[in-house]
Amino acid sequence: MAATAAAAAWQPQEAGFKEICGLLEQQISPSSDKSQIWQQLQHYSQFPDFNNYLAFILARAELYSLGC
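Quick note on numbering: numbering that gives the first Met the number 0 labels position 42 of the sequence shown as 41, and the sequence is numbered without any gaps.
Note that these hints are calculated values from the structure, not bench results.
One or more of the hints may lead you astray.
[Said to hold, decoys possible] Pair ranges (Cβ atoms, derived): (1) 53 x 28: 26 to 32 Å; (2) 9 x 29: 30 to 36 Å; (3) 9 x 30: 29 to 35 Å.
Note that beta-carbon positions come from the ideal geometry of N, C-alpha and C, so glycine has one too.
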């Protein structure tokens, strides 16, 4: 039960949030360097909170239209 409350209270750090959102926005751009973006996402995936950032972004995607 405590883990659920902690997960609900989790908030991203602004810098990390903007960086990951920016990478996701670049990924959908037809002129972006997909391999470089993939490498950066792979790097961020090594951080323990990476999945929390993705869940936070995806849960709010409709609100932001991925305009983060």
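Evaluated hints:
1. 53 x 28: 26 to 32 Å: violated, 19 Å
2. 9 x 29: 30 to 36 Å: Distance hint for residue 9, residue 29 holds at roughly 33 Å.
3. 9 x 30: 29 to 35 Å: holds, 34 Å
Against the hints set out earlier in the document, a violation occurs for number 1 only.
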